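Colleague: Using the sequences and the hints, build the whole thing.
Letter by letter, the chains look like this.
2 protein chains.
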Amino acid sequence: MMKMSGNVMVGQSGGPTAVINSSLVGVYKTAKDLGASIVYGMLNGVQGLLNERYVDLSEHIQSDLDIELLKRTPSSFLGSCRFKLPEPEIGNQIFQQIFKTLEKLDVRYFFYIGGNDSMDTIKKLSDYAEMIQSSICFMGVPKTIDNDLDITDHTPGFGSAAKYIASITKEIIRDGLVYDLDSVTIIEIMGRNAGWLAGAAALAKGEDCEGPDMIFLPEVEFDMDQFIEKVRKLQETKRSVVIAVSEGIRLADGRYVAELGTELGAEDAFGHKILTGAATYLSREISRRIGCKSRAIEFNTLQRCASHIVSRVDITEAFQVGGAAVKAAMEGETGKMVILKRVSEDPYICVTDTFDVHKIANVEKKVPRNWINEAGDFVTEEFEHYVRPLIQAELTPMMVDGLPRHLTLKDKAHGK
Amino acid sequence: MMKMSGNVMVGQSGGPTAVINSSLVGVYKTAKDLGASIVYGMLNGVQGLLNERYVDLSEHIQSDLDIELLKRTPSSFLGSCRFKLPEPEIGNQIFQQIFKTLEKLDVRYFFYIGGNDSMDTIKKLSDYAEMIQSSICFMGVPKTIDNDLDITDHTPGFGSAAKYIASITKEIIRDGLVYDLDSVTIIEIMGRNAGWLAGAAALAKGEDCEGPDMIFLPEVEFDMDQFIEKVRKLQETKRSVVIAVSEGIRLADGRYVAELGTELGAEDAFGHKILTGAATYLSREISRRIGCKSRAIEFNTLQRCASHIVSRVDITEAFQVGGAAVKAAMEGETGKMVILKRVSEDPYICVTDTFDVHKIANVEKKVPRNWINEAGDFVTEEFEHYVRPLIQAELTPMMVDGLPRHLTLKDKAHGK
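Chains as they are written, first to last, in the working numbering: chain A, 3 to 418; chain B, 3 to 418.
Source of the hints: derived by calculation from the structure; they are not laboratory data. As the structure is a prediction and not an experimental result, all values here were calculated from the model. Where hints are given, some of them may not hold.
Because identical chains cannot be distinguished in the list, a pair is counted as satisfied if it fits within a single copy or across any two copies.
[Claimed, not checked] Here are the simulated EDC-like pairs of lysine to aspartate or glutamate, each with C-alpha atoms no more than 20 Å apart in a straight line:
(1) K412 <-> E396
(2) K86 <-> D182
(3) K412 <-> D182
(4) K367 <-> E384
(5) K240 <-> E212
(6) K207 <-> D403
(7) K368 <-> D155
(8) K412 <-> E209
(9) K343 <-> D358
(10) K412 <-> D210
(11) K235 <-> E261
(12) K34 <-> D215
Modeller: Structural data, given as structure tokens:
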């Protein structure tokens, strides 16, 4: 069997997900299994690397139990950053600094777990490596709850966020039925430009749940008057109406619905604009124009860190893309991202492949218009068929004293 | 063995919990096992009963699998109400109506699952029964996430809410560590007058988590300037500060912190006051006065309906108090509520007993001052020792097609 020579550097970048550490484990374990000497983890992505902040991962992952715990640990284990590299140019100090550190550490393989922006980093580093004829391989490992990376069938992180969203949407729909009162609940779901996560609320629908009554995605212009009319109509036959909206829905003129409350003049006493959020604004408008009880629920940060309920398909694939990146790099691939290819619909089977990162970086994949119904207020069956396999099965959290146990960095890497 | 004669009526009232249906199952199964002919469930509590809205529960719970599903189903299966009975008086129409229906259905035992207000209903109905010399027994079954019922060691529903709060607090603390930036996260937890739920955030603390940095309960006056000073101090040594506050924290003059944003003049264009919530207000003040990144996260409705992560201790006790109510009623007890008595601390053992509902109804149990530290910004170890046993162990959801399965009423009882 081929063996890896030299060392590995791995980092995490952009927003976290519930399974981002499963990809880290995939890189770490595969590299170790293939003979890598040291697997370094950069702290806070390339930003930390620039300040020579990194750890030897074997000091922090010391057993198979640690590996299992790390898979179940939400939020980037190594910390993250939002750092945009400049265009690569020979002589550029930032690139010189990064490559100096990598060479000093005898790093031959570099892995970056992230989304669009992180792939831009892989693109630039691999371009720079080519310019200076460095043999270091740079591979991207896909990750984002937003599912907006191009070429890959979907992104690790999305399935667990979708499972969480669908699960709590079911619970909230039930909660809405408790009182014998007319009410409208607006749930706000992450996704500024792509409606993949908001669409996932549709999965709540099943034998034991009607699902949300409408779903609005940022891919379709939002019409306020039509919206109120539709709510009014639903209320004629339903006591409890539940509507999912993406945080990024916009009016025809391009303004975010989330901004409307602000534009209408809401300010605190110090003149700070109050951003109400799309759901809060819509909920208030419903109370005002229809006169019924209405509440807004923001699904907030937990969409990206609820590791207490993850999809096993997702966490497994997150591991696989990490491992596949290592194998590809060992075979000399660079400037590429690992992608998932769905080779069978039923039964669902996905395999990994690699793809030129230049064609992926900075591109946002949106929900195709034909996966949204004509009225623009729900996703189609095709959409549901696409997402449903990604939320299947569970990975039981390791519970200690009543709570899910996580793995933490051994030293106080989180202090100041 | 003694057998129950006649029929049973059971209802759910007030805010739901993740385990309220386990108590319903406890009443149903125990009554059936003890020979009750028909167990009726009133729809939307006494309010529904007044309109003769009820179901024969055996038509909706048809198998042992249904029983297990119902235990795992969040939110009141039978619907709920917030209905205050008038003072009982012979000749009062409301009481006449209720007793006419109960007699028509040959109901001998009446169970009401709820909190303070619901116990007021049991008190009045049992008083009225005594006035008219009815032999129907009225028993209260405790339930509330708020844990504010007196006499009982704790209330079913609280443990699961506490487990959910502690679990997601851990996840949010990790999420706050992702970026290499100073930030303050304020989490807002339910509990308008009692801080039991906010205090439960302390349980996040453990070998793998520092826990929140401060916790503010409604039992202690909140001082805005002191708060800002404390945050400033924490920031000197910590990158990510996480603070839990009860929605009900108040200033010395009695005003809710949640109202302050409003009082300072925030209004939308239509002159409606905007209630910001305590966390949003504090987060904004931190940004303004300290100048660092700050975010507010409201734990919202899921605190009372997150059945995907419940405490097994809690769901078991919820079942037990339902069953104990049936046994007590069969032995002729009336006008009482089932209570939990902690007979051993270590190992934790609770047993059931009954107590005069007149001394429980309308009383709010608060967190004792000596279970809050002197500075008023955290709970003590005693508090943690009290709550920790209540969040132990899990009850695995029954997952179907990737999502937790629930039991629903067979007919369209939820339509209009």
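Colleague: Indicate which option fits the pair K412, D182 if close means a Cα-Cα distance not exceeding 20 Å: within, between, both or neither.
Modeller: between (52 Å within a copy, 18 Å between copies)
Colleague: When Cα atoms must be at most 20 Å apart, do K86 and D182 count as within-copy, between-copy, both, or neither?
Modeller: Between copies only: 15 Å across, 53 Å inside.
Colleague: For K412 and D210, with the copy left unspecified, which applies at a CA distance of at most 20 Å: within, between, both, or neither?
Modeller: Intra 45 Å, inter 10 Å, cutoff 20 Å: inter-copy only.
Colleague: How do K368 and D155 come out at 20 Å by Cα distance, when the copy is not named: within, between, both, or neither?
Modeller: within (12 Å within a copy, 53 Å between copies)
Colleague: Go through the copies and call it for K412 and E209: within, between, both or neither, with a Cα cutoff of 20 Å.
Modeller: For K412 and E209, only the inter-copy Cα distance (11 Å) is at most 20 Å; the intra-copy one is 46 Å.
Colleague: For K235 and E261, with the copy left unspecified, which applies at a CA distance of at most 20 Å: within, between, both, or neither?
Modeller: neither (26 Å within a copy, 34 Å between copies)
Colleague: Given identical chains, is K367 near E384, meaning Cα to Cα at most 20 Å, within a copy, between copies, both, or neither?
Modeller: Result: close within a single copy only, 17 Å intra versus 52 Å inter.
Colleague: Within, between, both or neither: how does the pair K412, E396 come out at a Cα-Cα threshold of 20 Å?
Modeller: Intra 28 Å, inter 28 Å, cutoff 20 Å: neither.
Colleague: If the cutoff is 20 Å on CA atoms, where do K240 and E212 land: within, between, both or neither? Let me know, please.
Modeller: Close inside one copy (11 Å), not across copies (46 Å); limit 20 Å.
Colleague: Could you figure out if K343 and D358 sit no more than 20 Å apart (CA to CA) within one copy, between two copies, both or neither?
Modeller: within (15 Å within a copy, 65 Å between copies)
Colleague: Given a CA cutoff of 20 Å, do K34 and D215 count as a within-copy pair, a between-copy pair, both, or neither?
Modeller: Cα proximity of K34 and D215: none, with 49 Å in one copy and 38 Å across.
Colleague: Within a copy, between copies, both or neither: which one fits K207 and D403 at a CA-CA cutoff of 20 Å?
Modeller: So K207 and D403 pass the 20 Å test across copies only (11 Å; inside, 34 Å).
This entry does not satisfy hints 1, 11 and 12, going by the numbered hints stated previously.
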